[in-house]
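> What follows is each chain in one-letter form.
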Amino acid sequence: METKICFRLNGKDVKITTDPLRRLIDVLREDFDLKGVKEGCSEGECGACSVLFNNKMVTSCIIPIGAADGQEIMTIEGISATEKGKIIVDAFADGGAVQCGFCIPGMVIAAYYLLSNNPDPSDDEIRLGISGNICRCTGYDLIVESIHLAAKRGGAIWKS
Amino acid sequence: MEELKCYMPKTLREALEIKAKVDVIPLAGGSDLMVSHKRTIGLTPVFEKPVMIIRNLPELRKIYVNDKGECCIGAGCTSAEIAENKLCPWHLRQAASRMGAIGLRNSATIAGNIANASPKGDTPGPLYLLDARVKISSLRGDREELVSDFIVKFRTIDLKSDELITEIIVPYSEDDFDYIFWHKVGTRKANAISKITVSQAIKFEKDGKTVKDYRVSATATGAKTNRSRDVEKLIIGKTIEPEIIEEVVNGFDQVISPRAMPEFRREATRRMIRRFLTEAAKHPKDKVIDTYEGYSMTGAPTPRS
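Chains as they are written, first to last, in this note's numbering: chain A, 142 to 301; chain B, 226 to 530.
If you are wondering where the hints come from, they were derived from the structure by calculation, not from laboratory data.
Partial chain A-side listing against chain B, Cβ under 10 Å, derived:
id	residue
1	167
2	171
3	184
4	190
5	199
6	207
7	209
8	210
Dumping the calculated PhoX-like pairs for lysine-lysine here, alpha-carbon to alpha-carbon at most 20 Å:
id	chain 1	residue 1	chain 2	residue 2
9	A	145	B	230
10	A	153	A	176
11	B	235	A	145
12	B	235	A	156
13	B	463	B	431
Over the 10 Å line for every Cβ pair with chain B, so calculated as not near, a few chain A residues:
id	residue
14	176
15	241
16	293
Glycine included, each C-beta is placed from N, C-alpha and C at the ideal position.
Based on the sequences and whatever the hints tell you, model everything.
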């Protein structure tokens, strides 16, 4: 069964005719070639497939594409093209936050979601903010430091 | 009506009309259903019945206080929305704020957590404790039922095929009690499924000694969430004495029926009840009686971080 689904993806209106029960992650990766959305656990627990859904961080592996109809989705590709996104990506690179890199798109989205709601987080608040993102290299400390760096570099930008 | 595999209503009315004609599975957050029906990477989940996506129905996303002072939570409100909203009772906010990962809390809904009828669900514990009701709607009209009756048994709820959960109504809040307690034992700080969660609340009479109201509920200690008014009656109308505490502790121990690791679950539950009642009898300044500070479920002192 195919249905027409219209939504906003990374700032552009898009439409697709597909099975509304297909997972959002599959549609983003296969139909829109957004390969920055990674699949880890497939159960909504690891955060690798995180996207923003109406500006809220969600795991795209547990959402059917039909639920995105009329809604707004931002992936790592859209976020890293924004000024705020660039600050985080640069901070992650400069801070040595990236090891194998598989969790990083999700981590960047978690950092973006955290800093957009809390521009100057404490260590504990950062750890809480990325608690839904699992890094199997276990390189959490440098990720936490890099998010501090992004908060510092962004300054007032995070409050806008 | 031609039977489809997936319905996408835009309004509650439309959703109820579909429900009246087709036996559909309502799907909101997807945190249970999309996981239990998943196949593998790239393959569409397969459901045994047609699905109705209700994630974005605006009628189901409101949180307000009704004219009786009860907190009304739309069925489609997410754990994150509940955790952040001060209109929601404290026990429920605690449970919602510790449910799964952040991204999941922005999807998972309160009605889904109830309808899943898992004994490990996070919200039923507080909802049982606070006498919460589910509002169930259909084209035939609305009805209400206690959450503790609506969840009939493991994975079974009292919902007809034309009905939809539309609201959760919570008549009590922390303001109705002198001391409150909520503790989830999980294997780690974040993303944990409950090993046991105990919710408690107590209210004293004006004399400050006689117990006017006491409640305790426990999650993951049996086939469904446990609460027993008979056990609570053992202490209501009395003053808190060590013997009474043991009566309640032993009474509640008879109520629960944990399967896996029963000795651990029983002992931890006993300790949490004993701890709460012992501390409440001392009338501390803080309303929230905490488990963690200087206290461990295993008896050894917990280092403060």
